[in-house]
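Model the full structure from these sequences, guided by the hints.
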Amino acid sequence: MEALNKLAELSYALDTFYFLMSGALVMWMAAGFAMLEAGLVRAKNTTEILTKNIALFAIACIMYMLCGYNIMYPGEAVNSVWPGISFLLGEDNSVEAVLGSKGETYYSKMSDFFFQVVFVATAMSIVSGAVAERMKLWAFLVFAVVMTGFIYPLQGYWKWGGGFLDELGFLDFAGSGVVHLCGATAAVAGVMLLGARKGKYGENGEIHPIPGCNMPLATLGTFILWLGWFGFNGGSELKLSDVGEANAVAMVFVNTNAAAAGGVVAALLTAQMMFGKADLSMTLNGALAGLVAITAEPLTPTPLVATLIGAVGGGLVVLSIVTIDKLKLDDPVGATSVHGVVGIWGLLAVCISNPDATLKAQLIGIVSIAGFVFIASFITWYLIKLIMGVRVSEEDEYQGVDYSECGMEAYPEFTDSSKG
Amino acid sequence: MEALNKLAELSYALDTFYFLMSGALVMWMAAGFAMLEAGLVRAKNTTEILTKNIALFAIACIMYMLCGYNIMYPGEAVNSVWPGISFLLGEDNSVEAVLGSKGETYYSKMSDFFFQVVFVATAMSIVSGAVAERMKLWAFLVFAVVMTGFIYPLQGYWKWGGGFLDELGFLDFAGSGVVHLCGATAAVAGVMLLGARKGKYGENGEIHPIPGCNMPLATLGTFILWLGWFGFNGGSELKLSDVGEANAVAMVFVNTNAAAAGGVVAALLTAQMMFGKADLSMTLNGALAGLVAITAEPLTPTPLVATLIGAVGGGLVVLSIVTIDKLKLDDPVGATSVHGVVGIWGLLAVCISNPDATLKAQLIGIVSIAGFVFIASFITWYLIKLIMGVRVSEEDEYQGVDYSECGMEAYPEFTDSSKG
Amino acid sequence: MEALNKLAELSYALDTFYFLMSGALVMWMAAGFAMLEAGLVRAKNTTEILTKNIALFAIACIMYMLCGYNIMYPGEAVNSVWPGISFLLGEDNSVEAVLGSKGETYYSKMSDFFFQVVFVATAMSIVSGAVAERMKLWAFLVFAVVMTGFIYPLQGYWKWGGGFLDELGFLDFAGSGVVHLCGATAAVAGVMLLGARKGKYGENGEIHPIPGCNMPLATLGTFILWLGWFGFNGGSELKLSDVGEANAVAMVFVNTNAAAAGGVVAALLTAQMMFGKADLSMTLNGALAGLVAITAEPLTPTPLVATLIGAVGGGLVVLSIVTIDKLKLDDPVGATSVHGVVGIWGLLAVCISNPDATLKAQLIGIVSIAGFVFIASFITWYLIKLIMGVRVSEEDEYQGVDYSECGMEAYPEFTDSSKG
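Residue numbers (my numbering), protein chains in the order written: chain A, 1 to 420; chain B, 1 to 420; chain C, 1 to 420.
Please note: incorrect hints may appear among the correct ones.
It does not matter which identical chain is meant; a pair holds if it fits inside one copy or across any two.
To be verified - Taking lysine to aspartate or glutamate and the EDC-like style, the derived pairs with C-alpha atoms no more than 20 Å apart in a straight line are:
| # | residue 1 | residue 2 |
| --- | --- | --- |
| 1 | K326 | E96 |
| 2 | K200 | E413 |
| 3 | K326 | E206 |
| 4 | K277 | E394 |
| 5 | K360 | E413 |
| 6 | K277 | E395 |
| 7 | K239 | E395 |
No wet-lab data here; the hints were simulated from the structure.
Structural data, given as structure tokens:
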């Protein structure tokens, strides 16, 4: 008996540690988005996008603590009248409760909160890139408050909190829908109200590419995201401490990696065929597309199938970026394609390897998430536009939002400010 | 019995692994400081600050192995006449000793050394930024030898080695005092002897801002430090392997993250109100200030209180940076404010949530650490100044220390050397 | 009995998790190589080297899954007619098999695959830097297919798969030979067929240094590799879950860190003495040399001996880089010296601390690996040269391979394209 109790405690410690390490890896994705986006915008808009990225992460942490977690997991919140998460380490996690739970309470709820909170930030980071180079900083941050405190948690509840999508049999292992499609949809709503960057689309319908200013940063960001995704998907198994669970976590790591690899190769080949060049930014988006594609189901495919699911994502993202540009939806970093279009592909691809999935449930999930998030985001963006405006002045945009919003250049010695 | 023994072994393995992963995260902070500082100096002084950062890490590892660890934890050192740490995996960590210790020896002492050694490097990294852009490289490295081999370990012994501060009831969970205040104080002593950068303060008392050359690097450094801090604070619980300890580690992760978030938001708002712009460098320092503030006690506050402790740190750091600049203490990266002023706030804030803390013990700790480190550092810097000089020539400073100290530009193709 | 079974399961989970975390750290080394190499080439060749790095990682993952793993560990492959690794989570890893194996099956085989696959990518990354700035992208990627699918696995089998080198008593803990020497030898073969960069060696035998364009990136890459090496060496103990193994893993962490520190200090001092300046790129290579040197045996030395083994590597790498340059083997990042020359030193240094090592076996291992890899790589490079050519045109080289291969500048706003 003493041995069994000690075992239960040790097992609890291991699962908690696994959650915390996974969460730390997902937190690291915030740096990945910051570097990716900073690399893909122009030098004159770099300080602002960095400020947005660190500020949105902080806002997400605070709002999710204050109310988001309680909205998303209301079963827990009955402990708490005023929002906040301090109840999470109450008596439910005492030694007695853990030992008496017969294995049901198998990790610290505080570690679960840590893991969940960094997911919210990921969803919000997706928005940041799409609206880059012309949005007012504070308008963006106000949106971040609403998105991380209310919009994300509400649709998150539908699936992960045990809501109607969960009951319907909608499957989304680590959030191709709940996180990626959600973030991309909020971004689309913002981009539609915001309009394209000046000079992006010519009067005669021509599209002017606006190259990113720092490709090593964009590549670093992609590698950071790739690494962080092992926490994102690997931690979403939620348990590690027996043979079956350990095997599952290992499988998720292998498949996540395989899908990213497939995405890279497919995007590289697609770009080479379409443009005649090995386009690095498409290749980076291919890696991310592979990762998004496998996120809805990284456990049941074989590694070969995972590679192929990622490869379809990698090919798709190239086509999608080109198409969305033709639709004049100006998304400087391709976030809509990577997280939205490929997120949908990932949700559909669950049906390939998971016999529990139904196409119907997946479609209902996609429509519900995208529909709700679009409407809620559009209304939010619209109100922000009414109250404080969302777009900087034409002159500020020309000069760069770094100066107007942050009062500081990102690379004062590398660029000639007269270049504009 | 067999089961209990195996359990003790497995538990030992988990705690050791937790220590090693935490240590690896803290080691990663060395990269964070290097990137942060490289981003905040001018291009012409970048190679040198990178060289300083990697060299000081190496020196810290060697000196702490040779003598620092034995000074800080002398209880262990009785095993060893000649310094060095090889005894750490002697019979004390044999299977028999572990099983016979009834839980007292619960992790590999070598993993403890690994965790401790990366802390020393952190303290030393703090100094590096404050003296940037005008100090001789080798003068700095000689100081690093003394600091990591003697000054840091001696005051570290007072608290963590069981010395008088520990007996007095001074509380410092992960080192707001032992690490951050210590590093900042050594930096102040250096800055005072070194003087300000040429051109920083005008003849009529005006202050000329000298902007950093690469804000994405500074942002990356901040994110790296944020990530590494989960190891820094999370590992300082020192044990993980039962329900109570696992809950504690999870709480530390959540609070560490919450304080950083609070610091970001507070610094951003303070800067916006004071300067009318969303100042990125202040925001980054706000994140770090939040982290420093919670380091002295990341376990007992609720997450909401942790957010507020971090937020006070974030507001404080903006005011402190402005004030220290007025005092003409030229600290290019704000290390004195982030680690010194906010370190003191963190030590005092222990009293808010931890009933075992007394204001008196905290004040004695602050005065003892700051007083001793200041005097010891000042003497060391002074002797170095006498023997080899601490400051580069005016011409070398004008041209950049990269050329004079390292013979190599950091960005030979991005800057026009005639820009100066 | 129930307790013992649960213990076995928990132990399996911990060892699997340890493998997965180690593998994630090694995967992160891919980012390290990308940043290191991008920092050490000129701006006009940066996009291409980034593309190479992410593409080679993806190719390595796919090829090793399709056939490499089965070649390297054929004992496992009997389960599988068609290559692929899906069998790895078959009945061998069921709960029954694990419990019945009496401790022999102690981690998920999928986690072992994950750990192994990131090693392959490391070996291939070494090649990428040496052939930088003048090789055709697709020629390189075709070589990557052959190297990661066949050449690496075959020689890897000799030691780690239980082949003749293992039987001979050749010792190579984590791959100074199997990974680093292998990668460096393949690089040398490529460099010989490829020739030097235009302008590197003058007509009168003079050597023109070509400085890297972004030293903070190179430093970041070095820190990333340093961090990743804890997974590389630490994970190569292969087991963690009892007192002896946990002590061993901790020792490996400490020694890995100590050797890197020794390498930094030795290279810094050597460079200061030879060139009169604290050469940063040599210092970075010193860190890597220390790491390569200890990789063949990070367990048996004391930390002091490990520091010295690393220091010899750090001194050696400076001399080697200078010498190889005199031989007109143009290796822009010094990969041949760091991974080849120092890899050999590491293999010989096993004899210092490990009584099981014999100089004869180590020499046979060195000759076998280097000999086979050189011949196989040379033939492969030669066939690629015949079929598609390996070198870009003189004009493309002058303009930068970024434009000819990728159609995209890495830093369009920082460099003046007229600078060339």
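These are the hints, each one checked on the structure:
Taking the closest pair of Cα atoms, K326 and E96 never come within 20 Å of each other, the shortest separation being 61 Å inside a single copy and 57 Å across copies. Taking the shortest alpha-carbon separations for K200 and E413, only the inter-copy value of 17 Å comes in at or below 20 Å, while the best intra-copy value is 26 Å. Taking CA atoms no more than 20 Å apart as the test, K326 paired with E206 passes inside one copy only; the shortest distance there is 9 Å, against 53 Å between copies. In this homomeric assembly, K277 and E394 come within 20 Å of each other (Cα to Cα) only across copies, at 18 Å, whereas the closest approach inside a single copy is 34 Å.
For a Cα distance limit of 20 Å, the shortest separation of K360 from E413 qualifies neither inside one copy, at 56 Å, nor across copies, at 49 Å. Proximity of K277 and E395 under a CA criterion of 20 Å is satisfied inter-copy only: 17 Å between copies versus 35 Å inside one chain copy. For the identical chains of this complex, K239 and E395 are neighbours neither inside a copy (53 Å) nor across copies (57 Å), given an alpha-carbon limit of 20 Å.
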